[in-house]
Each structure stands twice: as C-alpha cells, then as structure tokens.
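Chemist: Sequence:
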Amino acid sequence: EEFHPLNAQYILSVLLKNKNEELALRMLDAVDLRLMKNKKYKRAVKKMREEMRHKKQKMNGLSVFEWMNIEEWKAFKIAVAKDKFYIDSAANVSGVEPRLIVSCLVGEQIRLFNSKRESYKRYIGPLKVLVLENRLSYGVTGIKESTAMKIEHYLKDSTSAYYLGKKYENLLDYDPANSYTNNINDTMSLRVRRLVQFKNHYYSYLYTALFLKQIKMQWERAGYPLDKRPEILASLFNLGYQKSKPKKNPGVGGSNYKIHDTEYTFGSVAFEFYYSGELSEIFPYKKKSFDF
Numbered sequence: 005e006e007f008h009p010l011n012a013q014y015i016l017s018v019l020l021k022n023k024n025e026e027l028a029l030r031m032l033d034a035v036d037l038r039l040m041k042n043k044k045y046k047r048a049v050k051k052m053r054e055e056m057r058h059k060k061q062k063m064n065g066l067s068v069f070e071w072m073n074i075e076e077w078k079a080f081k082i083a084v085a086k087d088k089f090y091i092d093s094a095a096n097v098s099g100v101e102p103r104l105i106v107s108c109l110v111g112e113q114i115r116l117f118n119s120k121r122e123s124y125k126r127y128i129g130p131l132k133v134l135v136l137e138n139r140l141s142y143g144v145t146g147i148k149e150s151t152a153m154k155i156e157h158y159l160k161d162s163t164s165a166y167y168l169g170k171k172y173e174n175l176l177d178y179d180p181a182n183s184y185t186n187n188i189n190d191t192m193s194l195r196v197r198r199l200v201q202f203k204n205h206y207y208s209y210l211y212t213a214l215f216l217k218q219i220k221m222q223w224e225r226a227g228y229p230l231d232k233r234p235e236i237l238a239s240l241f242n243l244g245y246q247k248s249k250p251k252k253n254p255g256v257g258g259s260n261y262k263i264h265d266t267e268y269t270f271g272s273v274a275f276e277f278y279y280s281g282e283l284s285e286i287f288p289y290k291k292k293s294f295d296f
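Residue numbering for the sequence shown follows this note's numbering, starting at 5 and increasing by one per position.
Treat the hints as calculated values from the structure; they're not laboratory data. A quick note: this is a predicted structure, and the numbers were derived from the prediction, not measured. Quick reminder that beta carbons are idealized off the backbone N, C-alpha and C, glycines included. Worth double-checking, as some hints may not be accurate.
Stated by the list, open to error - No farther apart than 30 Å at their CA atoms in a straight line, the calculated lysine-lysine pairs in the DSSO-like style are these:
#	residue 1	residue 2
1	K86	K249
2	K249	K171
3	K154	K78
4	K203	K290
5	K86	K41
What the hints assert, rightly or not - Ranges of calculated distance between the beta carbons of each label pair, as one might list FRET restraints:
#	residue 1	residue 2	range
6	K41	H157	39 to 49 Å
7	D265	K171	41 to 51 Å
8	L37	K203	18 to 28 Å
All chains, please: the whole structure from these sequences, using the hints.
Modeler: Okay, here's the thing in structure tokens:
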C-alpha cells in the first residue's frame, strides 16, 4: 500500500472489468517507468503482480504520475467529461478508440494549462472548460491548418499510404449551409472556423482521430503496426506527418514542456494518461484501439 495505491486500484479495476491481463501489465509498465529508480518498489513489484487480482488497496488520493496531482488536472477531468458526446461521436465514425483520442487531448491541454497560467486562473479553472486555441494551432487539440488540409487530402487520395478507404472519404466534407462563425473566428478560413468552436469540439476530435488512423495505416502498410503504441501515435500527432517515418523501435517524443518544474514530452504525458486508469469509467479501454 506504500506505492501509490491509487494507481494500483486503477490497474486492478481495469483488470477485473476488462479481463485483459495484457492491458493491465501495460498499465503497470507505465508505473514501472516512473518508479524505475526506486529499489524498494522493484523488490515489491513481483509480489504486487501476484496479488493484484485479490488485494484491495487503501487509496490515499494521490497518483504515482505527479502531474495528475495538480489542480489543473482536476479541472481538466471535469471539462473533458463534458465533451464525452463529441469524443464518442468522432470515435464511432472514425473507428478510433475514444481513450486514444483523449490521450492526444491530454498532451495538448496539460501543456496549455501550464503555459497559460493567467488564463487558467481567470477562466479555465473556475469554469472547468478546455483551452480553445485560435492562433497558429486551432481547436482543443491544437490542429494546424496545414495539417487539417493534409488530413482532408489523404482521405480522398487512394494512392496514399495514409488512405483509409472509400467509406472515410467524405467525413470532412463541408456543409455549405453552415458558416461556423462566432465572435473570435469570423476572419478565419472555413476550415479553421470549424475547429474554433466554443462548445462543440466535434471537429477537433474528428481531425485528431483521422490523423491517428492515417498514421496507423501508414506504419501498418510498412510492416510496423502501432495498434498497441499509443505513446508513438500521440508523439507523431504532435510532431506531424513529416516526422512519421515507419521503422523498428520508434522512440517517444514530441514537444518538451514543464509541468510544475518537471520536464515531460507530449508523448510521455499521453502514454502515462492512457495506461493510468484515470477517467476509465468515462473513456474505458476497448479490446482494440482501432475498429473496436
């Protein structure tokens, strides 16, 4: 019980609910990486693995992942729960696991919470809303306009390594009857206006999901499947198409940023969230990350 029982409880809960030992072990691996220098923990981990099906942990309310103990994370969890409908909707039409989409959202929002402290104190914290980007990157997941254009293009380019198939080609077609205009996006292109919406973040999640699936297809066709590598998919989401070069043993990366004076990468934050068990009651683990 001395090694962050909150995380142990999450892992145990997912194991009992999903009956997926491989997933539980991956969640435990995420904890292992954070505690790899703790010798006492390493000695105890074997015993913990053996007892994890039966032992009830007394929760102390703290996560082994320190950035999940900050006040911004509590606000984020409330905010993202409000978007469950839009996230699930994007997941259903794209065939991308909601939790994988949220992993990319987490990487971007936690970075913004930290870099926009005044905005957090004045608006985000009190209102429990997600940061909506409207300069250079757009929406709640930080999509660049050039990236959005490529996502749209690859949906229709049947010769591309990113091509998903006929049934996906029209998912991002524009509705001429809807201008998507509001008081902060009226000078922007229609493509960007669709991303910069105060409450309806559906297109932020749909573009994110389709990018992830396009990258998944590219690597799969090259012989390097990423189905069980959320940290690599999230890293590439942050880095963009130009950094997506299929290879053996890719590394976790993405932009570097500090959370309360500790440095992280976009991919590592996404990885720790995905396997943390946090929010699994709202965004549960599916049997597969794609076409679940």
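Chemist: State for each hint whether it applies.
Modeler: Results for each hint:
1. K86 <-> K249: 35 Å, violated
2. K249 <-> K171: Holds: K249 and K171 sit about 26 Å apart, inside 30 Å.
3. K154 <-> K78: Roughly 34 Å between the alpha carbons, so the hint for K154 and K78 is violated.
4. K203 <-> K290: 26 Å, holds
5. K86 <-> K41: 38 Å, violated
6. K41 <-> H157: 39 to 49 Å: Cβ of K41 to Cβ of H157: about 46 Å, so the range 39 to 49 Å holds.
7. D265 <-> K171: 41 to 51 Å: 47 Å, holds
8. L37 <-> K203: 18 to 28 Å: Given a distance of about 36 Å, which is not inside 18 to 28 Å, the answer is violated.
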